[in-house]
Amino acid sequence: MADSDLIVIGGGPGGYVAALRAAQLGMRVTLVERADLGGICLNWGCIPTKALLHTADLVRQIGSAAAFGIITPPPQLDLAQIVARSREVAARLQGGVRHLLKKAKVEVIEATACLAGPGRVTLSGQGERRAPHILLATGARARTLPGFEPDGRFLWSSREALQPDQIPRRLVVIGSGAIGIEFATLFHAFGSAVTVVEALDRLLPVEDAEISAVARTAFERQGILCHTGARVTGLVRGETAVEVLVETAGQSLRLAADRVIVAIGITGNIEQLGLDTTRARVEKGHIVTDGFGRTDQPGLYAIGDVAGPPWLAHKASHEGILCVEAIAGLPTLHPLDPRRIPGCTFCHPPVASVGLTEAAALAAGHRLRIGRFPFLANGKAIALGETEGLVKTLFDADSGELLGAHIIGAEAPELIQGFAVAQSLETTEAELIATVFPHPTLSEAMHEAVLAAFGRELHL
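Going by this note's numbering, the residue at position 120 of the sequence shown is 109; the numbering climbs one at a time, nothing skipped.
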């Protein structure tokens, strides 16, 4: 007999949300987590980094306070307290997740799980559990470069970077995706001399190329050194520091560093799950699924990072909800559309986007109407002293469909959801132009970027 209706393996933002939704739908749910509820995101990723990044924002604001008529002494950093606060934030939210699961009557088991055949899961030291539906939400881990494996001293993983024993005088960050750039701007605000090394031809390579260019200009203006089209070839260790060997544009560079962070992407946690006992397919380090999390093995599902990109917590949560609602047979379901999942990078200035980039839209054959509006012309941004950046909108010239929206500048991650809602509602430029945006707000730049795509901008 089945012990549960659904066994969820992994308690990150995909797994625990799926478990809660399944419980709402009346299922008997068992959640198995081998480490910390909330997963990497809550404990060693999204949440603690945002706590640290908020501290970095405060440091910047204090540093520019004189421009607002406030005279203060230079800020002094208490690194131990900064780190302790970030850990307290993570612990508080982990306790909240545990409370929600208990309230929903989800059985939580601390163990390592392995598939043991259709509908069967073995738990380390706790025997076997059975359920007609098994959901894999095991997440992912950081990829490493050969010879650059974290050593806890010179070479930091994100875990060491989140609880540093010191603020390095010189920091090299390898990789300029969201994780790498967030750490780069964080430690730069704390006083480190930061160099970013990226193998591709631009920073933030998943973003629109125009936004990437604006970001690079902003980072370099702050004093962050950036090398793109750069290949890391080796590491020379010294007694108290290291040198990162880099080839770029026909030059050989030796970048001296007190610490190095490797942030070159992630790979799914697919090992030792017992997938070889199933018909589930694995491609490029992730489990292949359809738009509802179903694998090729009946009764076996996968969501979140282990099921492939985009590797975002909110994608995992949404995917988990879709998956369990499909299991429950709810009507009018739409499969996951990765193009409608907003992405955010909490650097300085922050970056956010949803939908297609300009290059992707052109490659898909769209005729485009493109609108741009700089924060430099937005009243609220001027009042805040946050005039760097712009809003960019992409519309299909024939249908008026909003194909993509890209923001770099103040509060970009908070603003992007307006465009995400617009895409979900399948609005065209007509509805967006007719929408009244409040004044004075940063969101007015969004409206003006829509107007600009159709030659109707008013404040530019």
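Keep in mind that the hints were calculated from the coordinates and are not lab data. Incorrect hints may appear among the rest.
Straight-line distance between alpha carbons at most 30 Å, and here's what the computed DSS-like set of lysine-lysine pairs gives [what the hints assert, rightly or not]:
no.	residue 1	residue 2
1	Lys39	Lys92
2	Lys91	Lys39
3	Lys369	Lys92
Quick rundown of the hints versus the structure:
no.: 1; hint: Lys39 with Lys92; result: 27 Å, holds
no.: 2; hint: Lys91 with Lys39; result: 27 Å, holds
no.: 3; hint: Lys369 with Lys92; result: 42 Å, violated
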